[in-house]
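With the hints as your guide, set chain B onto chain A.
Chains A and B, in that order, are what the protein sequence lines are.
If you're matching positions, the first sequence starts at 1 in the numbering used here and goes up one per residue.
If you're matching positions, the second sequence starts at 540 in the numbering used here and goes up one per residue.
Hints were generated in silico from the structure; no laboratory data involved.
Quick caveat, the model's predicted, so the values are computed rather than measured.
Don't take each hint at face value.
[Said to hold, decoys possible] Covered by chain A, per the in silico footprint, the following chain B stretches (three or more residues, Cβ under 8 Å):
| id | region |
| --- | --- |
| 1 | 551-561 |
| 2 | 567-575 |
| 3 | 666-677 |
[As the list claims (entries may be wrong)] Partial list, computed: chain B residues near chain A (C-beta under 10 Å):
| id | residue |
| --- | --- |
| 4 | L543 |
| 5 | Y579 |
| 6 | T604 |
| 7 | A624 |
| 8 | C627 |
| 9 | Q628 |
| 10 | D653 |
| 11 | V661 |
| 12 | Y662 |
| 13 | V683 |
Even glycine gets a Cβ: it sits at the ideal position worked out from N, Cα and C.
Residue-level listing of the chains:
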Amino acid sequence: MGAPSTVYVPRDSSSVAVGADQVADTIAVEAARRGIELQIVRNGSRGLAWLEPLVECATESGRIGFGPVQAQDVAGLFDAGFPAGFAGDAGLAKAARHPLALGQVEELPYLKSQQRLTFARIGLTDPVSVDDYIAHEGFAGLRRALSMPPEAIVNQVIESGLRGRGGAAFPTGIKWQTAMRATAKPKYVVCNADEGDSGSFADRLIMESDPLALIEGMTIAGLAAGAELGYIYVRSEYPDSVRALEQAAQAAREAGTLGANLLGSGRRFDVVVRMGAGSYVCGEETAMLESLEGRRGIVRAKPPLPALHGLFGQPTVINNVVTLATVPVVLARGAAYYKDFGVGRSRGTLCVQLAGNVRHGGLIEVAFGVTLRDLLQRWGDGTASGRPVRAIQVGGPLGTYVPPSQWDTPLDYEAYAKFAGVVGHGSVVVHDDSVNLARMARFAMQFCAFESCGKCTPCRIGSVRGVEVMDRIIAGHEVPRQIALLRDLCDTMVSGSLCAMGGMTPFPVLSALDHYPEDFQKGLDDASRPNPQEPAAVA
Amino acid sequence: MSGLAPADVRGAVARAIERHVARPGALLPLLHDVQHELGYIPAESVEPIARSLNLSRAEVHGVITYYHHFRQHAPARHVVQLCQAEACQSRGAEALATHAQAKLGCSMNSSSPDGRFALEPVYCLGLCASSPSMMIGERVFGRVTPQRFDQLISALDPGDN
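In isolation and in its complexed conformation, chain A is listed as follows (with noise of 0.2 Å):
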C-alpha cells in the first residue's frame, strides 16, 4: 500500500458557488465508506469557471481532472476507480472513460494555449500554504529583491514595462520612483483590491487562489518604496477574499516571509486587510484613501499625487491586485523575460477575463495583441445560449461596447485607445442577438446615478438626466432630439467629470448609439423604424 492519494477541489468562490464544498465533503464521506485513504487538497480554481467544481487526481502522469462534478457524481467516480484506480496506463484509460473524465489538466487547450505568468501557479497550490508556495518559484523574487538597493528593483519594474493593470495603465516603475524619492517617512503600500469593475474578476482569483502573490508584490514595492506596512482595501462584496488573504498573510508571518524580519535579512514589511462597504467609486485610488482613513469614499483632486501625499498624508503606492501579483514573477526571472511578451507599448500579458453569453467563460492570461475573435473562437467556444454574438463590452461597466468591425483590432492598450476603446483590466462580456443596447446605455446611466459619490455635478446630475433621455428614447418620445440632447450631456460629462466614474460613463453610452443605433430607434412605430443591422455571428 503506497501513500495515500492527493485529490484536488478547489475553494475559491468561483468554484464553491457551483458546489465545490459540497463535492469535496461528498468525496471524504464517500472515502471513509469505501476505507479508502485520501488527502483532499483545497486548491485554488485554475480559472476554467465552467469547468468548475474540477476535481483533480494526482498519478505518476499527472494530475487528471474531471469537470463540473457535482456531489451526486462522486460516488460514480469512486465506482470508477477513483482516485488510486486511475495509476498507471490502464488506470488512465480507465479513468479517461468516466463521462466527466478530462484528461490531463495541464495538457487542455484551454490552459495549454495560454501564458501564464502572474497566474502561473493559480490551481496548482494550497492557496495558503507556503510550503506549496515555495515549491512553485514563491518568494523566489523577494529574495532576489531582498539582495538589491531599491534603485535596482525601481529599474528592474520600469524596463519590465508593466503598466497599472486596474484600467489605468500608468507606468508601475514610475509611480514606485515617485514614492522611492519622496523624503517625507512613513511610507505605505495601497493595493486597491477594490474590484468593482463589473465583468472583472481576476483580482479575487489572485486573492483566493494564491494571495500569496500578492503579498510578496506588496512587500518588494515595500522594499522599493521604502515602506513597512501595506493596507490591502477589499471590497466587501468579497468576504471570501478577506478570509484567504488573512489566512496567507499570516502563514507568511509563522514562516518568517512577512513581518519583522523577511527572510532573516533584518528588513521588515507587514500587511492590514482592510473591508470597503459597498462603494464603486472607492476602486478610484483618492477616494480609496479617503476610505481607509475613514471617511466617506469621496474623491480627492490631484494633484496631490498619491505617491507623494497619499494615506494619512505620506507618500503611498497604490497598485491593483493583478499589477502587484505580477511584481514578484518580473523579480524572479528578470525585466527582460517579462517584457519579451507583448506588442508596443502594452509589454507582458493580458489577464483577459472572458464572460457573460459563453460557453467557456474563464480566465485567459495571454500576450498583449490577442483579439476578440481569437478569444471568442480558441477559447469562448461561442455563446452559452447558442445565439450569435451581436455586442462585447471591454474594460468593465466604463468600457465602451465593441462593435464587430474591431474585433480583429488587437487588444493593446495604444490599439484600443484609437477607437476610444478600453482595455481597462481586461474583462470581456459578451452579449448574444438578444442583447438591447438602448437599455444597456439607460443600465450605464443608472449604475453611475447609483454609485456616484456626488462630488461632482457633471456625474451626480448627469447621470440622472441621462437616465430620463434615455428612458424618453425607448419610450419613442422624441427620439432625435433626445439623442441630441444625450450627446451633449455626455460630452459634459467626458469633459467635466472629476474621476472615471462621470468622465467614462458615456463611453458604453456613445459606443451602444454610434454602432446599435437601430436600438435607440425601436420605441418609434413601425412605419419609420429602419431595418434591424443582421447581427454579426462569430465567423
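What follows is chain B alone, placed relative to chain A:
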C-alpha cells in the same frame, strides 16, 4: 423587528471601540464589527463611536449612510443579493430577478411579507463567468437558474418548513 437590548448594543459598541480605537483610520473596521455582531448599526451607537474617535456625530452618520453595505435597521434573516450587472444580465439576471420577486413575494430593496427574506440588487459579485450569480448572507452561488433558486431558498431554515 429589532429586538436588541440596549445593554447588548452598548456591549457590542464598546468592544468594537476597544478593538479599533487606537488604529489609524478606525471608523470603517469599527462599524464593520458592530454590524457583524448586531446585524446593523443602531442609531444609538453613533454617539459613543463619534466620541471615541473624536469625530462629530454628523461625520459618523455620514459614513454610515454613504456606504451601501452599512445598514441602519435590522435586516431580514436572509439577505438575498442578486447580481444585476452586465455579465449576469447577459445570462438572464433580469428574468431571475422577476422570478425571485414572485417567489419571495417582495420587490427589490424590500422584505418578504413574513420578514424572512430581503431582496437586494448587487452590482457584481466577481462570478461573471458563472453567471447569473447571487449571494445569500455571505454564501455565493453561481449559474443560478430559477429552479436552483427555488431549491436554495427551500433549503434554508429546514426547521421552519
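Each hint, compared with the structure:
1. For the region 551-561 of chain B, the stated coverage by chain A is not satisfied: 0 residues place a CB nearer than 8 Å to a CB of that chain, which falls below the threshold of 3.
2. With 4 residues bearing a CB less than 8 Å from a CB of chain A, the region 567-575 of chain B meets the requirement of three and the coverage assertion stands.
3. Counting residues of the region 666-677 of chain B whose beta-carbon sits less than 8 Å from any beta-carbon of chain A gives 8, enough to reach three: the coverage restraint holds.
4. Proximity of L543(B) to chain A is violated relative to the hint, the smallest CB-CB distance being about 21 Å (cut-off 10 Å).
5. Residue-level restraint check for Y579(B) is violated (minimum Cβ-Cβ distance to chain A is 13 Å; threshold 10 Å).
6. For the restraint placing T604(B) at the interface with chain A, the shortest Cβ-Cβ distance is roughly 9 Å, inside the 10 Å limit, so the hint holds.
7. Taken as an interface hint, A624(B) checks out: its beta carbon lies about 3 Å from the nearest beta carbon of chain A, inside 10 Å.
8. With 10 Å as the threshold, the beta carbon of C627(B) comes within range of chain A, its nearest partner Cβ sitting at about 8 Å, so the hint holds.
9. The closest approach between the C-beta of Q628(B) and any C-beta of chain A is roughly 7 Å, which is under the 10 Å cut-off, so the hint is satisfied.
10. Taking 10 Å as the C-beta contact cut-off toward chain A, the hint placing D653(B) at the interface is violated, the least distance being around 26 Å.
11. At about 7 Å, the closest approach between the beta carbon of V661(B) and any beta carbon in chain A falls short of 10 Å, and the interface hint on this residue holds.
12. Interface hint at Y662(B): satisfied, since its Cβ lies 6 Å from the closest Cβ of chain A, which is below the 10 Å cut-off.
13. Because the beta carbon of V683(B) sits about 9 Å from the nearest beta carbon in chain A, less than 10 Å, this interface hint is met.
Of the numbered hints stated above, those contradicted by the structure are hints 1, 4, 5, 10, listed in ascending order.
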